[in-house]
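Novice: The lines below spell out each chain.
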Amino acid sequence: MDAEFFQLLATGIAVGSIISLSAVGLTLTYGILRLANFAHGDLMTLGAYFALVFNLSGVNIWLSIGLGAGLTIVIALITEKLLWSPMRDRHATSTTLIIISIGLALFLRNGIILIWGAANQRYDLPVARALDIFGVKVPQNRLIVLILAILVIGGLHYLLQNTKIGKAMRAVADNVDLARISGINVEQVVIWTWIIAAGLTAIGGGMYGLITAVRPVMGWFLILPMFASVILGGIGNPYGAIAGAFVIGIAQEVSTYHNWVSPEYKLGVALLIMILVLLIRPQGIFRGTL
Amino acid sequence: MQGYIVFLVIFTAIYAVFGLGLNLQWGYTGLINFGHVAFMVLGAYTTVLLSLRGVPLIVATMVGAGVAALLGLLIGFATLRLRTDYLAIVTIGVSELLRLIALNEQWLTRGTFGIQRFPLPLANFIPTMSVRILMMAVLTLIVGMGYWRWWKWLRRQVKDIPSEALLKSAPTALGYVASLGILVFGIGAIAKHLKSSNAIPDWGLGLFLVAAFAIVIVSYHILTKRVSTKLSAWSSGLLLVCHFLLAALGLWIFGVSASAIYDYDQNPAKNGLMFVSVVTLALIFWGLERLVESPWGRILKAIREDEEVAKALGKNVFWYKLQSLMLGGAIAGIAGALYAWQLTTVFPKNFEPLVTFNAWTIVVLGGAGNNTGTLLGAAIFWAYEAITRFILEDIIPLNESQLNAFRIMVIGLLLMGLMVWRPQGILGKKEELTLGR
Numbered sequence: 001m002d003a004e005f006f007q008l009l010a011t012g013i014a015v016g017s018i019i020s021l022s023a024v025g026l027t028l029t030y031g032i033l034r035l036a037n038f039a040h041g042d043l044m045t046l047g048a049y050f051a052l053v054f055n056l057s058g059v060n061i062w063l064s065i066g067l068g069a070g071l072t073i074v075i076a077l078i079t080e081k082l083l084w085s086p087m088r089d090r091h092a093t094s095t096t097l098i099i100i101s102i103g104l105a106l107f108l109r110n111g112i113i114l115i116w117g118a119a120n121q122r123y124d125l126p127v128a129r130a131l132d133i134f135g136v137k138v139p140q141n142r143l144i145v146l147i148l149a150i151l152v153i154g155g156l157h158y159l160l161q162n163t164k165i166g167k168a169m170r171a172v173a174d175n176v177d178l179a180r181i182s183g184i185n186v187e188q189v190v191i192w193t194w195i196i197a198a199g200l201t202a203i204g205g206g207m208y209g210l211i212t213a214v215r216p217v218m219g220w221f222l223i224l225p226m227f228a229s230v231i232l233g234g235i236g237n238p239y240g241a242i243a244g245a246f247v248i249g250i251a252q253e254v255s256t257y258h259n260w261v262s263p264e265y266k267l268g269v270a271l272l273i274m275i276l277v278l279l280i281r282p283q284g285i286f287r288g289t290l
Numbered sequence: 001m002q003g004y005i006v007f008l009v010i011f012t013a014i015y016a017v018f019g020l021g022l023n024l025q026w027g028y029t030g031l032i033n034f035g036h037v038a039f040m041v042l043g044a045y046t047t048v049l050l051s052l053r054g055v056p057l058i059v060a061t062m063v064g065a066g067v068a069a070l071l072g073l074l075i076g077f078a079t080l081r082l083r084t085d086y087l088a089i090v091t092i093g094v095s096e097l098l099r100l101i102a103l104n105e106q107w108l109t110r111g112t113f114g115i116q117r118f119p120l121p122l123a124n125f126i127p128t129m130s131v132r133i134l135m136m137a138v139l140t141l142i143v144g145m146g147y148w149r150w151w152k153w154l155r156r157q158v159k160d161i162p163s164e165a166l167l168k169s170a171p172t173a174l175g176y177v178a179s180l181g182i183l184v185f186g187i188g189a190i191a192k193h194l195k196s197s198n199a200i201p202d203w204g205l206g207l208f209l210v211a212a213f214a215i216v217i218v219s220y221h222i223l224t225k226r227v228s229t230k231l232s233a234w235s236s237g238l239l240l241v242c243h244f245l246l247a248a249l250g251l252w253i254f255g256v257s258a259s260a261i262y263d264y265d266q267n268p269a270k271n272g273l274m275f276v277s278v279v280t281l282a283l284i285f286w287g288l289e290r291l292v293e294s295p296w297g298r299i300l301k302a303i304r305e306d307e308e309v310a311k312a313l314g315k316n317v318f319w320y321k322l323q324s325l326m327l328g329g330a331i332a333g334i335a336g337a338l339y340a341w342q343l344t345t346v347f348p349k350n351f352e353p354l355v356t357f358n359a360w361t362i363v364v365l366g367g368a369g370n371n372t373g374t375l376l377g378a379a380i381f382w383a384y385e386a387i388t389r390f391i392l393e394d395i396i397p398l399n400e401s402q403l404n405a406f407r408i409m410v411i412g413l414l415l416m417g418l419m420v421w422r423p424q425g426i427l428g429k430k431e432e433l434t435l436g437r
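Taken in sequence, the protein lines are chains A and B. Under this note's numbering, the first residue of the first sequence carries the number 1, and numbering increases by one thereafter. Under this note's numbering, the first residue of the second sequence carries the number 1, and numbering increases by one thereafter.
It is possible that part of the hints are untrue.
[Stated by the list, open to error] Restricting the straight-line Cα-Cα distance to at most 27 Å, the calculated cross-link-like pairs of lysine-lysine (DSSO-like) are:
| # | chain 1 | residue 1 | chain 2 | residue 2 |
| --- | --- | --- | --- | --- |
| 1 | B | Lys429 | B | Lys225 |
| 2 | B | Lys430 | A | Lys81 |
| 3 | B | Lys349 | A | Lys266 |
| 4 | B | Lys159 | B | Lys349 |
By construction, these hints were calculated from the structure, which means they are not laboratory data.
Make the full structure from the sequences, and use the hints.
Specialist: Following this line, the structure appears as structure tokens:
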């Protein structure tokens, strides 16, 4: 337990908070819309790139991430209208939806390469000194990322527990037919699910771009940790997904302590945790809706 | 030209073998394997590494297939008892992990440098005239059997339609196809001229291309509707014409391939590999066709349609799924060996997830649960690759990396469009697949 350990822990918390934002989005679409969306990571990339466009044209970075999230929501709603809603009306099987989501992922990712190129890009940021917290160097960005993630998650908690739409979302996640019978407007819940899922994911993408770089495959490479967090926390359970994301994020980083696992195989840690959960407790650690 | 056709035939055969493995898993059993390339990576590296240590190629390939099947066993034990979407997530993760291992375990795989100068099949083989004639005879036999099956199928399709009606609609259909071809060719030629002379800006050229193709599509859509109400045997006539054109194209490719075998010593490594991969494809296709028409294959289809029914009939669903996953994996492993021989250098970069999704496009396009469809899908996929790589470059105002991205975007769009409008693909049977109804 030395400085290196705490350094890794700090990085893990920052990564975990980013994964948690996007994993919440994934778990909501998975649980409420019954859609295992493999294009979710690319939605995240899209958010980062929209934020990049605003940022490079001179807008403040935090505002850019917000505006980028707005545009990503628009794209997500377009896919909902053109793809997901018609397919749900036809009672398409979940496997059909999964294959469509892979097609969408290829389309979005390569559309990003077509427009913005394949090279790594960076946000235009003021240089900030790393903070020293009990000997652990924490770049300010990571701290802000963590605080922002907590704020967003707090807002989500308020929305789910105290607002009418949040309660309706939880009801639909539990049982669509029962929710419809009790007078809940399911279509509206679907729209709100997309707004929250795409918004949170895009914010996650922008923050991921802050601590690493903005590149076309950034979201795609996070899809496995995201699914691992969702399964770990129980599909459809946003709180579970947040907990799962922190577990995965911290485990990935801390596993490289003293080269227990070489850093190249961080992805393997997420996969291993996911397979262990599938073998021991496939319904997830917390109660899911599926 | 001959060299390029041989190159295309090899790649088509490899992707067809690869796709046949996926078709067994997804098309017949309904397993969503998003990490098909993982089996290929194992087959490729195992074959190459063993053959570098002096193991005969055929033994090395068999071991590679065995290792790939073993991976299927491992993945299957972890996930096949669970919901189907878990398999998709785990396989995609495993394929990425294997690629990372190939990238980072340099003592074994030499990482990004790649493995070069490994033994290739039939590369140092100098066939005598009689051996070459024998090889050409084998190729002719395979192609002849294919055409015979094709002819039988076509006969069944037009059996109930009176021949006068067919004779009446066929010329119209020929005119329809020919005019469409000439139009598309003309638009391409104009765009090529515009691009090379830089007469209009890039956005103008893009706009011209989009508008021209939109007009062609809409007008031919309207034309099809009007003609199909007038001519009784329209669709059968069109089917016949298209198949005869394709058959002629196929015969031409066969002629080029056969002459490549005749000139074997011009490029022994590629010509030999072509022979090996076509024979492998024919054997695997024949074996799979026998298997899926056996009781074993019918149980797989039952599992795809309704697992509970198969279970109620006393079948061990888990065991059958495992067999399907392992056999499909072994076939992908063999495809991996062929892939390594074709590339002559194996880099981890050759095994990105995109390879898996290309195979998915092939299977979905050809028709899930139809092995002939997979062959057709592979042929269409490589025709698309060849056309876009050499023709679009001169037409579309994009640079090389943009063009590459554009081509993959079209594949993504195709995958989405197929699943939305024609989930059974070209040859799949709609009434046989559940597809959400």
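Novice: Now tell me if each hint is right for this structure.
Specialist: Now the hints, each set against the structure:
no.	hint	verdict
1	Lys429/B to Lys225/B	holds, 24 Å
2	Lys430/B to Lys81/A	holds, 25 Å
3	Lys349/B to Lys266/A	holds, 19 Å
4	Lys159/B to Lys349/B	violated, 49 Å
When each numbered hint is compared with the structure, a violation occurs for hint 4 only.
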